[in-house]
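J.: The primary structure of each chain is shown beneath.
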Amino acid sequence: MTMNREGRPTTPDEVGSTAPDTFTGNRALRIEEPVIFDVGTAEATGVDLPEPDGAVKSRLGGLERSEPLDLPGLAEPEAMRHYVRLSQKNYAIDMGLYPLGSCTMKHNPRLNEKMARLPGFADVHPLQPVSTVPGALELIAECARWLCVSTGMEAVAMSPKAGAHGELCGMMAIKAAHAAHGENRSIVLVPESAHGTNPATAALLGYKVVAIPAREDGTVDPAAVIERLSDDVAGIMLTNPNTCGLFERDIVEIAKAVHEAGAYFYCDGANLNAILGKARPGDLGVDCMHINLHKTFSTPHGGGGPGAGPVVLSERLKAFAPLPYVKMTAAGPELIETPADAEADGTKPFGRMTAFHGQMGMFVRAMTYMLSHGADGLRQASEDAVLNANYVRAGLQDVMSLPFGERPYMHEVLFDDSFLDDTGVSTLDFAKAMIDEGFHPMTMYFPLVVHGAMLIEPTESESKASLDLFVATLRDLVMRAKRGEVDRFKGAPWYAPRRRLDETAAARHPVLKWTPPEPQTADAAE
Amino acid sequence: MRYLPLTDTDRADMLQRIGVAAIDDLFVDIPKDVRLKDLVDLPKAAGEMSVERQMSRMAAKNVSAGSVPFFVGAGAYRHHVPATVDHLIQRSEFLTAYTPYQPEISQGTLQTLFEFQTQVAGLTGMDVANASMYDGSTATAEAVLMAHRLTRRKKAVLSGGLHPQYRAVVKNLSDMAGDELVCLAPDPAGTEALLEEIDDDTSCVVVQTPSFYGQLTDLTAIAEKAHEKKALLIAVVTEVVSLGALQPPGAMGADIVVAEGQSIGNSLNFGGPYVGLFATRQKYVRQMPGRLAGLTTDAEGRRGYVLTLSTREQHIRREKATSNICTNSGLCALAFTIHMTLLGAAGLKRLATLNHQSAVQLADALSAVPGVEVLNESFFNEFTIRTPKPAAKVIEALAAKDILGGVPVSRLEPGNADLADLIVVAATEINSDEDRAAYADALKEVLA
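Listed in order, the protein sequences are those of chains A and V. For the first sequence, position 503 matches number 503 in UniProt numbering, and the numbering has no gaps at all. For the second sequence, position 43 matches number 43 in UniProt numbering, and the numbering has no gaps at all.
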């Protein structure tokens, strides 16, 4: 979410370092680590497997691999060091504040990890007999129940694998519902501030995307929606709270207008963590909403996944939920897996999103999180997330610039780059300077509705002391930018494992895998 | 609440600093009549002990694969994963990092993705691989969409050896997008006439090898016919360990290879999270979905990695993106890479051999059971048997004897009488001689 479309410098400046060189290139605890292809060998291995039985006759039908396997191996101690050293080149929530707006980098409780590794959850196969997995089905049903109750929705499609996959699922349910009514609508409305996944999802299903401009205050104007509604509009994809950190205050009116036009209301639930326990999407007129379990419910982001994107559905859409789903009956949980099962259950699933039953490992973690918090803790977490964001706003609003003014925000606060006017420092430079101070930068250049956006989401996991240091640091950086210390920013980061990386060169001549230095292959020469 | 650091004193101080009287003054944009006054109707917060008890109670109701002789495959496989893998992926720096948008402080994730991409390309015999997809089934659907973009055609042909749930995932997306699809009938014997279905409108032909039924296919002729018609061959691999023993699809002419990578580094997890592998030819890289890590240099000229070619992606291209994918399976990909590094070429080759031998021994043992027929001439670690009784009943009866004996085809292909007596059976390195003997003995009793 932190890439921009324009104006982003991606070629590093020529700035030298004054520190002395070392023989190894290492810098104390920061150890340079080659790729495994530079150090591993084809015969080394870190796994002891039994000797194959020479007497067993092969039945591979003449399709034995003839090409050598070009996979280097490492003995266990070497592998351990390799990956530990690499890990030390990452920033992580467990190291400090990670204020990526819209990404919700909250604490990942380790109890969740422990529960996900119980053999009864981790070591069960999706296709072993249903009679041998009643507890797994119960877990899915219970997780679904908590999600429905806390969002005020009727049903939930559990199988989508991540947020964008959930969006796809929700929009498919909408498409299926229109089809069931004999309609084939072609337009989906998407506000300009939406995540890129929204228009990409709509386009994947063949919809024409019509953008809704944001009004002055950063929210969607119901008049702008009504103006674009017609009997060819299938639905609207609205993020609430939106990506400017603002609750769409006219949402009920928008939902009503959308429904009157015979369309459906898809809510992007990426920011559900701001309102859980404070308001229920079901009461706002939402027809379907994906929930990022890796945001609101603390399942780890893992350097880019896995996520999970269950989709809660309204009464109007619930019959179309994809296969499979788990139904609670008096006799216990029942897995509805095939079209025939569904017909017997009286539903009309639109199809299947994925093989098997979805991200079970993530359901277990989310369930553990929900049980730990309870209804009271979930509400408190939302309140603390909003309190923390507003505390950061209050601490910075006199020195940074708020495009939508000094007003309450939800769980994240959006600044633009006008406070950097005439300093020669860009949003990117400012973000890179935060790295030197030991903070992960905020989301930058997103949303696209303001110039040089900086979107800060501290989450409820931060203490007051942590926020105080963060605010003080940013205030200091602002003062330095205004004092003309441009080099500090242009050269940043100075102290990270790498100085600024050349993204332009990487894209111009993509090298996407390791190739042996000699002889040169076509890839490397390109 | 143990996860919330703010104290009531903090909260009061902070509200004062913000300049509001109460927390609800920060929620004023939510219309009053839809603001919740009370807690939702769910239990209150619970401590670790209580939560652990509740979760363990549910977990204990399941029969875990490690507790019985276990022969279930059909797209997910139980292998031994070295302890090192789980230790490393639980390191805070990997577990609790986001997608590596700030490359200077994400070199750990980026370099492992670069290693992952190189390993996947090598395994599949392709030029380039991406940084992972959700799983094998969604990767297959994305591969079909990519083929449509590249060929500007809209008709995919799916082999009857494709996993039925993969077929359903492709069909769903295809139907929704209004594309054409030809699905060949289920093909347990591996005798379908696939070549005849490839014509001038075909965008791609999708073939799984080893097939859902365990059949091995030489893809060369299919690739030739596809290329003659300017269509693409998409090879699907659901058991990635097989690539340690079998000719990789890239060497047989595949244009896109997608695979389920769960077998390496990842647990069964009742179906997810898994990790989709996606590899293709260099010339198609700009139509690939998903993230890519690429090599570059930093301002001091040192080697480093960044996410690259992002102009294909949704956060830049929005409705013109190659896919809507954002989050992938980063941590599962890391587990894959670590396990693969521990194995190395020598280890993977031996692992593949052990799997094959385990399956050969099991096939011999089961075909000795009166009435049981093994359908496959050749296979890797999975094959199909025909039983004289309905397969679903046989599997239930085996489960009652604490043997998880495979997947009845009727579970995934219901209502097809020709398939009602077939069981897909997998054997891996985890199965012992005793496991295999116990299965054969139990099957004999069940069929008696």
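Hints are computed from structural coordinates only; laboratory data are not their basis. Ideal Cβ placement from N, Cα and C applies to all residues, glycine included. There may be inaccurate statements among the hints.
Stated by the list, open to error - Here are some chain V residues the structure puts well away from chain A; computed CB gaps all over 12 Å:
1. Glu-192
2. Val-306
3. Pro-388
What the hints assert, rightly or not - Using C-beta positions, here's what the derived DEER-type ranges look like:
4. V/Ala-60 x A/Ser-230: 48 to 58 Å
5. V/Ala-400 x A/Thr-41: 47 to 57 Å
6. A/Met-95 x V/Arg-17: 25 to 35 Å
7. A/Asp-376 x V/Thr-9: 49 to 59 Å
8. A/Glu-192 x V/Arg-35: 51 to 61 Å
9. A/Met-328 x V/Ser-432: 36 to 46 Å
Said to hold, decoys possible - Where chain A lies over chain V, by a calculated footprint (3+ residues, C-beta under 8 Å):
10. 54–61
11. 65–73
12. 430–442
J.: Work down the list of hints and note, for each, if the structure agrees.
T.: The hints, checked one at a time:
1. Glu-192: holds (16 Å)
2. Val-306: At roughly 5 Å from the nearest Cβ of chain A, V/Val-306 sits no farther out than 12 Å, so the non-interface label is violated.
3. Pro-388: holds (20 Å)
4. V/Ala-60 x A/Ser-230: 48 to 58 Å: Distance hint for V/Ala-60, A/Ser-230 holds at roughly 55 Å.
5. V/Ala-400 x A/Thr-41: 47 to 57 Å: Given about 49 Å between the Cβ atoms, the range holds.
6. A/Met-95 x V/Arg-17: 25 to 35 Å: holds (26 Å)
7. A/Asp-376 x V/Thr-9: 49 to 59 Å: 19 Å Cβ-Cβ, so the 49 to 59 Å window is violated.
8. A/Glu-192 x V/Arg-35: 51 to 61 Å: At 27 Å between Cβs, range violated.
9. A/Met-328 x V/Ser-432: 36 to 46 Å: holds (39 Å)
10. 54–61: Coverage by chain A holds here, the residue count being 8 at a Cβ distance below 8 Å.
11. 65–73: Per the Cβ count (5), the hint holds.
12. 430–442: violated (count 0)
Figure legend: structure checked against the earlier numbered hints; hints not met, in rising order: 2, 7, 8, 12.
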